[in-house]
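Peer 1: With chain A held as given, fit chain B with the ligands onto it using these hints.
These protein sequence lines map, in sequence, to chains A and B. Using my numbering, read the first sequence as starting at 10 and increasing by one per residue. Using my numbering, read the second sequence as starting at 305 and increasing by one per residue.
It cannot be assumed that every hint is accurate.
In silico lysine-lysine, DSS-like type, Cα no more than 25 angstroms apart, as pairs [said to hold, decoys possible]:
1) Lys450/B - Lys143/A
2) Lys297/A - Lys411/B
3) Lys166/A - Lys143/A
4) Lys198/A - Lys46/A
5) Lys385/B - Lys310/B
6) Lys385/B - Lys411/B
7) Lys330/B - Lys198/A
8) Lys415/B - Lys385/B
9) Lys456/B - Lys415/B
10) Lys330/B - Lys217/A
11) Lys143/A - Lys411/B
12) Lys456/B - Lys143/A
13) Lys297/A - Lys385/B
14) Lys381/B - Lys198/A
Just so you know, these hints were derived from the structure itself, not from any lab.
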Amino acid sequence: MSSFDTFEPVLLEAAGIDDGHTIESYRSRGGYAPLEKLLSEKQPPEVVEMVKSSGLRGRGGAGFMTGLKWTFLPKDHPGPIYLCVNADESEPGTFNNRILMEDDPHQVLEGTIISAYATRASTAYIYLRYEYPKSWDILQKAIDEAYAAGFLGENIKGSGFSLDIYLHRGAAAYICGEETGLIESLEGKRAWPRIKPPFPAIEGVFRKPTVVNNIETMACVAQIARRGVDWFRSIGIPADPNNPRDPGSYGPKLYCLSGHVEKPGCYEAPLGITARELIDRFGGGVWKGRQAKAVIPGGISMGLMTEDELDTPLDFAGPGTVGCLGLGTAAVVVVDETVSIVDFLHNSCRFFAHESCGQCTPCREGTSWSLRMLERIRAGKGRLRDLDLLAEIGDTMGMMPGSTICGLADGAAWPIKNSIAKFRDEFEDYIKQTNPTGYMETDPVPALPIVTTH
Amino acid sequence: MIANRKVLTEDMLARIEALASRYPTKQALTLPALHVVHDELRHVPLDAVVEIAELLDLAPAEVQDTLTFYQFFYQEKPHGKVRAFVCRSISCALRGGEQVLEHLCEKAGIKPGETTADGHITIEPAECLGACDFAPCMLAGNDLHKDLTPEKADVFLESVGRQDG
Ligand SMILES: Cc1cc2nc3c(=O)[nH]c(=O)nc-3n(C[C@H](O)[C@H](O)[C@H](O)COP(=O)(O)O)c2cc1C
Ligand code: SF4
Ligand code: FES
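For reference, chain A alone in the conformation it holds in the complex:
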């Protein structure tokens, strides 16, 4: 594909450069000059317009239009308005935010400062997961450098705009990545996601208008300011002209490739590369010369693609066309042919049972019972009927069926639904083989104690 041959990584431009994380390095590559120019030449609404017209969609999982989200903030609000940068990054398979923060923290900061200017936020909190101590140190040092260079603090470069950025440390809970869970956590409470509306733009952290954006989204904003809207829109998959509701998938994307590939890593490509191209061009192929059995397209919440579906473009629209939840975090996890689908689903169910915040009954019970059933199946006491029960759990918990407050439950449901729909024969064979006398049982059976949740 020719567009890949001419593609130059920009988000990862600092990778491999010595001291790429320092402010000197970032400035020598053209960084912070766009911020200065923009502060002196553009009013905040013009910056919002720039991001809106770039077509940038949030990189944190939901793919919401970034510029559009910013326009939901109330006009002429007396303030304060807050910007929360989401660095909770806990979706299994995902590590691109870590790489951005460690390799090029000033790119993230410049994007954050521009976004705060556009949204008139006076304080930005970067909510950083506990497990990233190195990112913490590097970011904090970068923040100190940015203050010293006058890019943060009072009256930045004489523009009259003032901004403080603070790091806030999480405590190892996946749900703190959900934007209103993040907000509750930042307020010092348990991270129970809020019922929406009101959306954060109207009433967010400390009951003030708030924008929540992902770290990679911030890096994209910095690059749009530097290279322009046309550059951004020249990359990726344009909006489908026959579908007025398709906003397209523009710009570069960081794909995280892990699992059974020869060369796991974070690779930058135009939105719309296929999983097969990623695995072959960047990943050195499936490891040990094996075949892929299934591939997660964007973090475990997104479900599974089969080997036959690997030519699906990984843009915002692609994974949905093969029954996956979406592009998610674009974290591609390769599962080779030797892996049992039962073990795969058990791992997924265990994750969600552990991470459900427990607020909504369908999610709390659905995640924990699906794990119990998988444990029973693995213990050789599975029944064919369990597959229907699991599918029923998958169909009924989540925001889409309208039974839960946040999307964690949809993410828990999708691997269940996809695994059973796409690998039902394997489940049936496993159950028949491991439980030859009981697989036809339909009466209720006692639960086994959970041995592996916590």
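Peer 2: Below, chain B with the ligands alone, put in the same frame as chain A:
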């Protein structure tokens, strides 16, 4: 001022108070305060909860509510001098993460989630550490241990002084 202060040291108070200007509410200092205590004592005893509550004008139950939500914080007793999080999520599991966890625990003579009797190390299963490019991996203190094997796990255990035999 905290009447009857038993756990929070002057230094801890100073570190918490230095963060106060960052947030418009005192309650937002809950997590930072819990971290300050936990970093130092490797647990947050109930007395510290009461003292943090007093400092932040909260009911102790509010601080305790937050603390218990995050399974991260120890309360009854401290975790080991080293706290090792071994990833068991999908990318690591596909590359032998669970075997590494089992191996480590067996060598250390404990079950996942437990601390050795001498208090040297706590080994916990963890969900994705955001380092799947180095699967299977483990975070011990501030150190990320990459591409683990049973052999590397042994070297690690030896370094924390817990290798049997
Ligand atoms: C259970 C759950 C976990 C999430 N975790 C993250 C996360 O770790 N990082 C992130 O940026 N977004 C996460 N999100 C999405 C956020 O709610 C939100 O959409 C995003 O931070 C918005 O930023 P963006 O528009 O720049 O993508 C999560 C959503 C859900 C439902
Ligand atoms: S869906 Fe699950 S994680 Fe989300 S609020 Fe409800 S119980 Fe909590
Ligand atoms: S799955 Fe282990 S670090 Fe991501």
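Peer 1: The structure should be examined with respect to each hint, and the outcome stated for every one.
Peer 2: Right, here's what the structure says about each hint:
| no. | hint | verdict |
| --- | --- | --- |
| 1 | Lys450/B - Lys143/A | holds, 14 angstroms |
| 2 | Lys297/A - Lys411/B | violated, 29 angstroms |
| 3 | Lys166/A - Lys143/A | violated, 30 angstroms |
| 4 | Lys198/A - Lys46/A | violated, 40 angstroms |
| 5 | Lys385/B - Lys310/B | holds, 22 angstroms |
| 6 | Lys385/B - Lys411/B | holds, 17 angstroms |
| 7 | Lys330/B - Lys198/A | holds, 12 angstroms |
| 8 | Lys415/B - Lys385/B | holds, 17 angstroms |
| 9 | Lys456/B - Lys415/B | holds, 19 angstroms |
| 10 | Lys330/B - Lys217/A | holds, 16 angstroms |
| 11 | Lys143/A - Lys411/B | violated, 28 angstroms |
| 12 | Lys456/B - Lys143/A | holds, 21 angstroms |
| 13 | Lys297/A - Lys385/B | violated, 39 angstroms |
| 14 | Lys381/B - Lys198/A | holds, 23 angstroms |
Hint check: violations occur at hints 2, 3, 4, 11 and 13; the rest are consistent with the structure.
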